[in-house]
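Colleague: Here's the letter readout for the chains.
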Amino acid sequence: MRHIISILIENEAGALSRVSGLFSARAFNIESLTVAPTEDASLSRMTIVSTGSDDVIEQITKQLNKLIDVVKVVDLSEAAHIERELMLVRVRAAGKDREEMKRIADIFRGRIIDVTDSTYVIELTGNGSKLDAFLEAIDRSLILETVRTGVSGIGRGDRILKV
Amino acid sequence: MQLTGAEIVIRCLHEEKVEYVFGYPGGSVLYIYDELFKQDKFKHVLVRHEQAAVHAADAYSRSSNKIGVCLVTSGPGVTNAVTGIATAHMDSVPLVIISGQVPTAYIGQDAFQECDTVGITRPCVKHNFLVKDVRDLAVTLKKAFYIAKTGRPGPVLVDIPKDITNQKCEFEYPKTIAMRSYNPMVKGHSGQIKKAVQMLLEAKRPMIYAGGGVILSDAAEKLTKFARSLGYPVTNTLMGLGGFPATDKHSLGMLGMHGTYEANMAMQHCDVLIAVGARFDDRVIGNPANFAGVSRKIIHIDIDPSSISKRVKVDVPIVGNLPDVLDELQKLLEASAGVPDPKALAAWWKQIDEWRSKKSLKYKQGKEIIMPQYVIEKLYEVTGGDAFITSDVGQHQMWAAQYYKFDKPRRWINSGGLGTMGVGLPYAMGVRFANPKATVACVTGEGSIQMNIQELSTAKQFRLPIKIINLNNRYLGMVRQWQQMFHGNRYAESYVDALPDFVKLAEAYGHVGMKIERPADVEPALRETFTKHKNDLVFMDFLTDQTANVYPMVAAGKGLSEMILAEEL
Ligand SMILES: Cc1ncc(C[n+]2csc(CCOP(=O)(O)OP(=O)(O)O)c2C)c(N)n1
Chain F
26 MRHIISILIE NEAGALSRVS GLFSARAFNI ESLTVAPTED ASLSRMTIVS
76 TGSDDVIEQI TKQLNKLIDV VKVVDLSEAA HIERELMLVR VRAAGKDREE
126 MKRIADIFRG RIIDVTDSTY VIELTGNGSK LDAFLEAIDR SLILETVRTG
176 VSGIGRGDRI LKV
Chain A
20 MQLTGAEIVI RCLHEEKVEY VFGYPGGSVL YIYDELFKQD KFKHVLVRHE
70 QAAVHAADAY SRSSNKIGVC LVTSGPGVTN AVTGIATAHM DSVPLVIISG
120 QVPTAYIGQD AFQECDTVGI TRPCVKHNFL VKDVRDLAVT LKKAFYIAKT
170 GRPGPVLVDI PKDITNQKCE FEYPKTIAMR SYNPMVKGHS GQIKKAVQML
220 LEAKRPMIYA GGGVILSDAA EKLTKFARSL GYPVTNTLMG LGGFPATDKH
270 SLGMLGMHGT YEANMAMQHC DVLIAVGARF DDRVIGNPAN FAGVSRKIIH
320 IDIDPSSISK RVKVDVPIVG NLPDVLDELQ KLLEASAGVP DPKALAAWWK
370 QIDEWRSKKS LKYKQGKEII MPQYVIEKLY EVTGGDAFIT SDVGQHQMWA
420 AQYYKFDKPR RWINSGGLGT MGVGLPYAMG VRFANPKATV ACVTGEGSIQ
470 MNIQELSTAK QFRLPIKIIN LNNRYLGMVR QWQQMFHGNR YAESYVDALP
520 DFVKLAEAYG HVGMKIERPA DVEPALRETF TKHKNDLVFM DFLTDQTANV
570 YPMVAAGKGL SEMILAEEL
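If you read the protein sequences in the order shown, they are chains F and A. FYI, the numbering for the first sequence is 26 to 188, going by the numbering used here. FYI, the numbering for the second sequence is 20 to 588, going by the numbering used here.
Lysine-lysine pairs mimicking PhoX-like chemistry, simulated, CA-CA at most 20 Å apart:
{"hint": "1", "chain 1": "A", "residue 1": "Lys60", "chain 2": "A", "residue 2": "Lys36"}
{"hint": "2", "chain 1": "A", "residue 1": "Lys378", "chain 2": "A", "residue 2": "Lys424"}
{"hint": "3", "chain 1": "A", "residue 1": "Lys377", "chain 2": "A", "residue 2": "Lys268"}
{"hint": "4", "chain 1": "A", "residue 1": "Lys332", "chain 2": "F", "residue 2": "Lys87"}
{"hint": "5", "chain 1": "A", "residue 1": "Lys553", "chain 2": "A", "residue 2": "Lys456"}
{"hint": "6", "chain 1": "A", "residue 1": "Lys206", "chain 2": "F", "residue 2": "Lys91"}
{"hint": "7", "chain 1": "A", "residue 1": "Lys206", "chain 2": "F", "residue 2": "Lys87"}
{"hint": "8", "chain 1": "A", "residue 1": "Lys456", "chain 2": "A", "residue 2": "Lys427"}
{"hint": "9", "chain 1": "A", "residue 1": "Lys194", "chain 2": "A", "residue 2": "Lys85"}
{"hint": "10", "chain 1": "A", "residue 1": "Lys194", "chain 2": "A", "residue 2": "Lys168"}
{"hint": "11", "chain 1": "F", "residue 1": "Lys91", "chain 2": "A", "residue 2": "Lys168"}
{"hint": "12", "chain 1": "A", "residue 1": "Lys369", "chain 2": "A", "residue 2": "Lys223"}
{"hint": "13", "chain 1": "A", "residue 1": "Lys162", "chain 2": "F", "residue 2": "Lys91"}
{"hint": "14", "chain 1": "A", "residue 1": "Lys187", "chain 2": "A", "residue 2": "Lys57"}
{"hint": "15", "chain 1": "A", "residue 1": "Lys381", "chain 2": "A", "residue 2": "Lys268"}
No lab work stands behind these hints: they were computed from the structure. Note that the structure is a prediction, hence the values are computed from the model and not measured.
Build out the structure end to end from the sequences listed, making use of the hints.
Modeller: This is the structure we're talking about:
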């Protein structure tokens, strides 16, 4: 099962390597990891997407909690939550492709944020499968490069992760 | 008053009432050594290799429940220490390791004797720090001592760049520490404890499985009281030996890969198992699928939530500090109207006694060749069962664990988790520093002892009357045993050729050496060693049977009841 784990961690040098090192040392799967400071600059928030059986996910959360710098861990996928990922795609957009590309970007609520004679950079946010769907929808041979941030997640309603 | 970083380090160690620092100097720690020179509140033990410094500090801690402290220089000083740190980490031993680092401005420049200490040690410490500002130094050291000792203990490393040790700031040692990210004190959940009591009282075939957590948390006395008041059988892990008296009639001895027949059979046939400060390690339960293949209820008490349901699913998890949980269990037991079913318990003990009658540890001592087991049995007799025994890693370690009956905690010091050859001698040193009057013997093999043999020099300098019991079979015996059993008798690189004359070697270091070749000489030689040479370090080189194997044995990946027993003797 796919799980989205949110972590509040002390914003110390090396904090990221403690988390990523834990995943590699214990052979835990890691699909994506995002991290940035929060409104409280002494804390960073990470979102990790991992897959594993319930037992493995339980170990992951326990091992994360065991890290001295980790303040809080929640498995967002245990309840209603929102996940979003940002993708930037540079595509070839010349001739007849130019209009078509804009049309598909519009359908996916993408924005064209950089333009040259023959290319667009399209910005897209959504959950992972929406971004995948966009890449499926356009002609593969027109993709010049893609960059994705990995998933960030937050709980719905009044599920709040805070110290 | 303004103090330099080096002075602050020393003051912090004084505040922590440190008695010994095990270390080795070098460029990046020279300011610290300079301050160390000017004080006499703690002693510095100059080892001959940094690995031994960490092992000695580790055993100092294991044998006393104090925090072991080491001081090493940057680069090679740290990398030499890594084996020691990893060893302590695997066995949850509280240490504080202070390492020098190149000056702040040089970090990342591939400076002379630079290494990424925090990166190298991260996976084998409980936590580590790089101090970047002298004003953080005191609080960082305070945190290091606090983290090392609380919760599930472990080694903590503090890396200090050289320039920091020479900068000044106001010194104040914090009295307490609060960390929002680390709150280890947990009280066992009382609902769970109630459930456990109920389950224990309803058991027909109960079993207590006690691990190293009992030793680390000083819970041996409470566990003993608890087990005796129920009259239930107890088995100890390799790390838990001494947590329940081996000579008690309720003791089934050690379990696991080289556990007794009765202990392993009882593990597989009990209906309620209570695991106390143990972690269902692969060397203990064998194949987890096989272990889980029989139905039994499991109660698991541990301070570390991640130990619970890691390898084996349990029914009643209790996360908490062991002595407190045992107290509460005891209280509830005493208050409870129920008692264990006497009939069922009697039948269970009858079954256990049947298993015991297999005498799975029997061996035969002839007239010609010394059996290694015999040496340990005689060592037990001659020391009255009251010595501190350290061991290295191999067959001799298992024989020491099987044949020396530990009645007290913190008397058996070995590397269970990492299985590090070479710990034996530095462990014996650490034990003796923590217990200055104690009898200390190091049971070792000719392979292991050579991995830190240089410490004979340290032992001379500090006049440590350690008794080295070298079970010399001219083989890396444990490797040979596996090759014999699982690799068609092909003894690839397990014969130890060109051995030194250990008697002369001991003498060269200024100690007493003895070579014992005949069974009849074993006991007299031991007596001489522990009486006449009470105050000397004696290296006893016992030439033992080269073909002896450790039994019983649960082969790797097999189930606990699939034991290979000693050949019919
Ligand atoms: C540092 C290290 N290297 C290798 C091993 C693998 N190993 C385990 S037991 C053993 C043999 C030990 O030989 P010896 O010390 O002579 O003891 P014996 O088994 O003969 O009693 C070896 C090589 C180890 N445990 N530690």
